[in-house]
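J.: Put chain G on the given structure of chain Y with help from the hints.
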Amino acid sequence: MFSRDRWLEIFDSIKKNKLRTFLSGFTVALGILIFVVLFGFGNGLDNTFDKFFKDDALNTMWVNPGRTSKAYMGYKANRRIEFDNKDLEDITSRFAFYIDGITPRISESGNIGYKLESNNYTIRGVAPAHQKNEMTIMMKGRYINGLDVENKERNVVIGRLVEQDLFKGEDALGKFVSGGGRSWKVVGVFQDDGGDREERIVYTPYTTLQLIQKNTDKIEQIIILYKPELGYGGAVAFENQLRKYLKQKKYIDPTDRRGIEVRENASDLKQNDQFKTALSSIILFVGIGTLLAGIIGISNIMVFVVKERTKELGIRKAIGATPSSIIGMILQEAIFITSISGYVGLLAGIGILKLVGNTLEEDYYITDPYVDLNTGIAATLLLIGFGAFAGYLPAKRAARIKPIEALTDK
Amino acid sequence: MIKIKDLHKSYKMGSNSLHVLKGIDFEVEEGELVAIMGSSGSGKSTLLNILGMLDLLDKGTYDLDGVPIKDLDETKAANYRNKFLGFVFQSFNLINYKTALENVTLPLYYQGVKRKEREASALEYLDQVGLKPWAEHLPSELSGGQKQRVAIARALVSQPKVLLADEPTGALDSNTSKEVMALIQDINKNGKTILIVTHEEDIAKMCSRIVRLKDGVIMEDKKNKMIKAI
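From first to last, the protein sequence lines stand for chains Y and G. Its first residue numbered 901, the first sequence is counted upward by one per residue in the numbering used here. Its first residue numbered -18, the second sequence is counted upward by one per residue in the numbering used here.
Honestly, the hints are just simulated from the structure, not real lab data. Treat each hint with caution, since some may be false.
[What the hints assert, rightly or not] In silico BS3-like links for lysine-lysine, alpha-carbon gap of 30 angstroms or less:
(1) Lys95(G) - Lys918(Y)
(2) Lys916(Y) - Lys97(G)
(3) Lys915(Y) - Lys(-7)(G)
(4) Lys970(Y) - Lys986(Y)
(5) Lys113(G) - Lys142(G)
(6) Lys97(G) - Lys918(Y)
(7) Lys1296(Y) - Lys79(G)
(8) Lys1207(Y) - Lys159(G)
(9) Lys1211(Y) - Lys159(G)
(10) Lys1211(Y) - Lys209(G)
(11) Lys195(G) - Lys1296(Y)
(12) Lys64(G) - Lys95(G)
(13) Lys95(G) - Lys1211(Y)
(14) Lys915(Y) - Lys97(G)
(15) Lys1302(Y) - Lys206(G)
(16) Lys1302(Y) - Lys209(G)
(17) Lys159(G) - Lys1296(Y)
(18) Lys1302(Y) - Lys195(G)
(19) Lys951(Y) - Lys1127(Y)
(20) Lys57(G) - Lys918(Y)
(21) Lys1296(Y) - Lys113(G)
(22) Lys113(G) - Lys1207(Y)
(23) Lys79(G) - Lys918(Y)
(24) Lys1302(Y) - Lys40(G)
[Unchecked claim] Pulled a few chain G residues facing chain Y out of the computed Cβ check, cut under 10 angstroms:
(25) Leu35
(26) Asn63
(27) Leu66
(28) Phe70
(29) Asn74
(30) Arg96
(31) Arg99
(32) Ala101
(33) Ser102
The model shown is predicted, which means the values in this text are computed figures rather than measured ones. The beta carbon of each residue, even a glycine, is placed where N, CA and C say it ideally should be.
Bound conformation, chain Y alone (with noise of 0.2 angstroms):
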């Protein structure tokens, strides 16, 4: 195997055999080029779909109060629910298990201006779990926090829109805004993949909101965004937890189908994860039958090779080549040919994926099509063992073959 003898006996055979050392190294870069470019592309789609259906996070739950439809202990039909900062805060502690974050959500509509701009907005009262909720991408500056809400800061986080509207070019960072007579902070702008609407928001902390709302501690709408590895399951079952235990709180009748309305994306994650499964399989499909292909390919061309040179192994042995001797050469320079063609076939794959990158995005769907390398590696060492295996065959053969039959010019 090492021995230089036959390395330089291989070199000899590859460099006088061009053609069959191009078909052989041939097959198996195409068979790799093929499958790392398809396979990249297909990620690729993996990759738009994600970034199509994850603008919200699907692990969220939004808990809205509503009107109760029966009487129940003593309280009337069609009685108001309301909530406010304590049911938040009973919320956090006694789900905390399944609790990756929450937010209240209080909305309304306000007038906000920037020296001779203005214009109006919605302006969304929240806790800083609300960015991980909306996928709020900070663009500069930061997003509410605990700190703004705790101390009910007049800070605004405003959406790329609002600052194109308003401050024309300016960054608006630092800056005050005027909003309801007084004046607010810009401490941050983001973007948000949901389109031009979500982008003319402004966040600012819910206690603020609450303070300027005749300092009351109503919410309109909980947010929740629960573990993402409880499952769809887990997911159903912590709704009805929530749905009883609010029920409960608020008196209202466990079989009223009003008054608590809790709204889960479960479903639709379920869906989109049968989705993804789906373009995964067909991903994988394509990978697995380019890799076939270029098993096949190589399988026949190690046949050919073979077959080729029957009478120059005839020759060997009339001279005293042994059968493994033979076998040996034909498979070493078989598996050095491919791994080296294999290796080019994988590195121009990559390079390929590399040059594409996002052009293809606008028109096919695809975004930052990649292979992760080990595959790419497995994909090669997998032809290469079916070369050196198809390779084996028709070697045995020929090593077991009479030299005079061989040799026979017939």
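T.: Chain G alone, transformed into the frame defined by chain Y:
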């Protein structure tokens, strides 16, 4: 050098069995130049293949230089061939992508001789057959006679006990045939045992002994007054 007793060989052709060699008794002394003659189908090539361990015998015994040749597996046969025998074929059987020199070194490669020594001794044998200046040529750049001489050099380089030649002049014109036969006679004169299978009478007459085969048995086995090829 070669001792064969009661050698039988048959080939299966479908359901029929073709009995090719039907009891051959045959001895060759060291230094003999033997022509094995016979028409096609007489079994002469089969006999040569068995002598060359390219084929197995069905029945009988075969001793080569005192070593009984039996129970051959492929590896053992390869080692024996490499050690005891040199082959010369009608169609030369040089490896077409290797130069004359590389072709001649090949048997030594399989003996595990070091590269430098291989090339030195191959060059020596190429010189002996008069082809030293053609050492770096590919077979396709050589004439038929030159190719056969390269093949002879290759057969000799491993210093075999016996040289087996299957119609060595079959693909050559009569002048080139004579040159090749002269070379073979030369090698024989230096003491090498040589067996030639041929169907040409004038080639046979250049040997020291003629064995005639017909229908798988030896018809005639006589000494011959060797005619010089050139």
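J.: Decide, hint by hint, whether the structure agrees.
T.: Results for each hint:
| no. | hint | result |
| --- | --- | --- |
| 1 | Lys95(G) - Lys918(Y) | holds (27 angstroms) |
| 2 | Lys916(Y) - Lys97(G) | holds (21 angstroms) |
| 3 | Lys915(Y) - Lys(-7)(G) | violated (42 angstroms) |
| 4 | Lys970(Y) - Lys986(Y) | holds (25 angstroms) |
| 5 | Lys113(G) - Lys142(G) | holds (24 angstroms) |
| 6 | Lys97(G) - Lys918(Y) | holds (27 angstroms) |
| 7 | Lys1296(Y) - Lys79(G) | holds (23 angstroms) |
| 8 | Lys1207(Y) - Lys159(G) | violated (36 angstroms) |
| 9 | Lys1211(Y) - Lys159(G) | holds (28 angstroms) |
| 10 | Lys1211(Y) - Lys209(G) | violated (35 angstroms) |
| 11 | Lys195(G) - Lys1296(Y) | violated (37 angstroms) |
| 12 | Lys64(G) - Lys95(G) | holds (16 angstroms) |
| 13 | Lys95(G) - Lys1211(Y) | holds (26 angstroms) |
| 14 | Lys915(Y) - Lys97(G) | holds (21 angstroms) |
| 15 | Lys1302(Y) - Lys206(G) | violated (36 angstroms) |
| 16 | Lys1302(Y) - Lys209(G) | violated (36 angstroms) |
| 17 | Lys159(G) - Lys1296(Y) | violated (41 angstroms) |
| 18 | Lys1302(Y) - Lys195(G) | holds (25 angstroms) |
| 19 | Lys951(Y) - Lys1127(Y) | holds (20 angstroms) |
| 20 | Lys57(G) - Lys918(Y) | violated (34 angstroms) |
| 21 | Lys1296(Y) - Lys113(G) | violated (37 angstroms) |
| 22 | Lys113(G) - Lys1207(Y) | violated (33 angstroms) |
| 23 | Lys79(G) - Lys918(Y) | holds (14 angstroms) |
| 24 | Lys1302(Y) - Lys40(G) | holds (19 angstroms) |
| 25 | Leu35 | holds (4 angstroms) |
| 26 | Asn63 | holds (3 angstroms) |
| 27 | Leu66 | holds (9 angstroms) |
| 28 | Phe70 | holds (6 angstroms) |
| 29 | Asn74 | holds (5 angstroms) |
| 30 | Arg96 | holds (6 angstroms) |
| 31 | Arg99 | holds (9 angstroms) |
| 32 | Ala101 | violated (15 angstroms) |
| 33 | Ser102 | violated (14 angstroms) |
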